[in-house]
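**Q** So the sequence lines, in the order shown, correspond to chains A and B. To convert, note that position 143 of the first sequence is 143 in the numbering used here; the numbers rise steadily by one, no gaps. To convert, note that position 125 of the second sequence is 125 in the numbering used here; the numbers rise steadily by one, no gaps.
Heads up, a few of these hints could be off.
[What the hints assert, rightly or not] 27 Å max Cα-Cα, derived DSSO-like pairs, lysine-lysine:
{"id": "1", "chain 1": "A", "residue 1": "K28", "chain 2": "B", "residue 2": "K78"}
{"id": "2", "chain 1": "B", "residue 1": "K248", "chain 2": "A", "residue 2": "K175"}
{"id": "3", "chain 1": "A", "residue 1": "K123", "chain 2": "A", "residue 2": "K144"}
{"id": "4", "chain 1": "A", "residue 1": "K144", "chain 2": "A", "residue 2": "K28"}
{"id": "5", "chain 1": "A", "residue 1": "K175", "chain 2": "A", "residue 2": "K6"}
{"id": "6", "chain 1": "B", "residue 1": "K78", "chain 2": "B", "residue 2": "K152"}
[What the hints assert, rightly or not] Derived list of chain A stretches under chain B, where covered just means 3 residues or more per stretch with a C-beta under 8 Å from a C-beta of chain B:
{"id": "7", "stretch": "19-27"}
{"id": "8", "stretch": "55-67"}
Calculated from the structure, these hints are not laboratory results. Note that the structure is predicted; figures quoted are calculated from it, not measured. Ideal Cβ positions, reconstructed from N, Cα and C, are used throughout, including at glycine.
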Amino acid sequence: MKTEAKLWVRLKVIDLVAQTAWMTLTEKMGFAGDLCGMLRYSHWAMEVEGESAGAVCEAIDREIRMDSTFTNQNKHYYSLAVSGGGDEASSGDLRIDRDFPRGESGGRIFACDLFVSEQGGGKDEGYASRLNARLDGAKVTGMKSGEVWRILVRAEDAEEAARKVEEMAVTRTRKHGLLLNPHYQAFEFIGTAEIDGQ
Amino acid sequence: MARSFKDKVAIIQFPGVNCEYETADAVRSVGLGADLLRWNEDAALLEDAIGVIVPGGFSYQDRIRAGVVSAKDHIMDKLSELAAAGRPILGICNGAQVLVESGFIPGIHWERVDLALAPNVMEDREGYYCSWIHLLHGGTDCVWTSAIGNEKVVPAPIAHAEGRFTTDDAAVLEEMKKNGQIVLRYCTQAGLIDSSFPVNPNGSLENMAGVCNREGNVLAMMPHPERASWLRQVSEDLGGEWGMKRRKAGGDSGKMETAGPGRIFFESLKRWKEGGE
Chain A
1 MKTEAKLWVR LKVIDLVAQT AWMTLTEKMG FAGDLCGMLR YSHWAMEVEG ESAGAVCEAI
61 DREIRMDSTF TNQNKHYYSL AVSGGGDEAS SGDLRIDRDF PRGESGGRIF ACDLFVSEQG
121 GGKDEGYASR LNARLDGAKV TGMKSGEVWR ILVRAEDAEE AARKVEEMAV TRTRKHGLLL
181 NPHYQAFEFI GTAEIDGQ
Chain B
1 MARSFKDKVA IIQFPGVNCE YETADAVRSV GLGADLLRWN EDAALLEDAI GVIVPGGFSY
61 QDRIRAGVVS AKDHIMDKLS ELAAAGRPIL GICNGAQVLV ESGFIPGIHW ERVDLALAPN
121 VMEDREGYYC SWIHLLHGGT DCVWTSAIGN EKVVPAPIAH AEGRFTTDDA AVLEEMKKNG
181 QIVLRYCTQA GLIDSSFPVN PNGSLENMAG VCNREGNVLA MMPHPERASW LRQVSEDLGG
241 EWGMKRRKAG GDSGKMETAG PGRIFFESLK RWKEGGE
């Protein structure tokens with residue numbers, strides 16, 4: 001049976017890369033009024049053949065816990081969610097649907113998940129073959145890896161939030177865009193949600 | 001006495017760089033003055049400088065993407081002004097990443113980011129790679145390479161993880177080629193362009209190792225000329241004329257202190273200055 005597995009991993013300690021991005025966007029690039037918080041995750045989205053969502057989840061979970069390419073339990077929280085055939089299964093110590101940075105209150109705040117991946121380089125194939133060499137009873141048939149920036153912005157609506165995030169993220173000129181260089185990185189929004197004022 | 005960069009080359013010290021002192025020494029080795037300027041000092045001091053070098057290292061620990069955080073620093077406003085006015089500016093390795101992320105290179109559309117220095121793509125390995133490589137010089141007149149003859153080969157060391165010049169804009173690439181902006185290309189010891197590893201050590205498009213702006217006053221190069229400015233810095237294992245020279249000089253401290261192949265980039269600047277700028 002074909003299933004979809006999503007693995008989210010983030011540091012347990014303060015993420016200095018996200019902190020630097022925050023400071024650069026707010027102190028040097030003029031987004032102090034819009035940006036309410038940032039988190040950064042490593043992200044793997046996989047297509048996996050297996051007996052059931054539960055069996056796939058168990059097999060992948062066993063491997064990622066033992067392979068620091070994906071998670072190191074001394075350093076990372078993670079969330080693994082598998083769905084397929086009407087079933088769902090999950091594992092890990094991170095509640096991705098509730099993982100928001102503490103930020104400012106006031107106004108409407110949207111959390112935008114921006115997935116950034118590298119074009120070329122063969123990393124995805126490497127991750128897939130690494131897992132397939134060890135998985136028991138499951139086979140990874142598709143892999144998309146990258147980083148997700150969860151960016152909280154103040155906006156009137158979801159469209160405006162996405163526009164602001166794109167403006168922050170995509171480097172077009174010296175003064176515009178920070179998080180990705182479109183000449184070798186691709187991006188897509190994989191989730192946008194309004195969150196309660198914090 | 002007030003601090004001044006008159007008759008000196010300014011080396012910008014962003015937090016995390018680690019080649020600033022040897023770059024200053026390499027500039028001094030050709031008889032020019034050099035001094036460091038911290039990124040948060042008064043950028044107006046750069047007004048008097050002969051030129052500016054953004055040295056190698058790991059500015060801001062390469063966080064987010066190598067060079068991008070420095071590119072957003074206020075000091076880059078002054079560098080942009082100086083570069084547009086024709087002042088020589090050189091970015092070495094991490095400095096090259098800063099200039100690319102600032103849109104000074106290729107600079108066809110000033111300050112538009114038209115290139116990337118992406119992670120290396122190499123055969124059977126990934127990440128950081130250090131080695132000596134060979135550079136074929138050609139293209140337009142560039143302040144920083146003017147003392148190198150056309151079609152001449154210069155050996156130099158590289159050390160980087162994100163050195164692959166690339167663009168997704170075919171028109172920009174064509175324009176760069178038409179303008180002769182690709183002044184340094186990875187080549188064999190004999191000067192042949194070969195796109196495979198290890199001749200091209202990072203998968204760079206068109207074997208690009210150094211790209212200048214149209215006007216030739218700004219150069220971004222991944223190899224480290226300051227690490228090849230004395231013969232003692234040359235690898236004993238290097239093939240060709242420079243390797244032979246180095247092996248012959250073994251044990252002779254006088255000869256070891258003579259010029260290495262990388263010094264020619266700084267000699268080029270001196271030639272430009274003496275030629276009346």
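**Q** Checked against the structure, which of the hints given earlier come out wrong?
**A** Of the numbered hints given earlier, those the structure breaks are 2, 4, 5, 6 and 8, listed in rising order.
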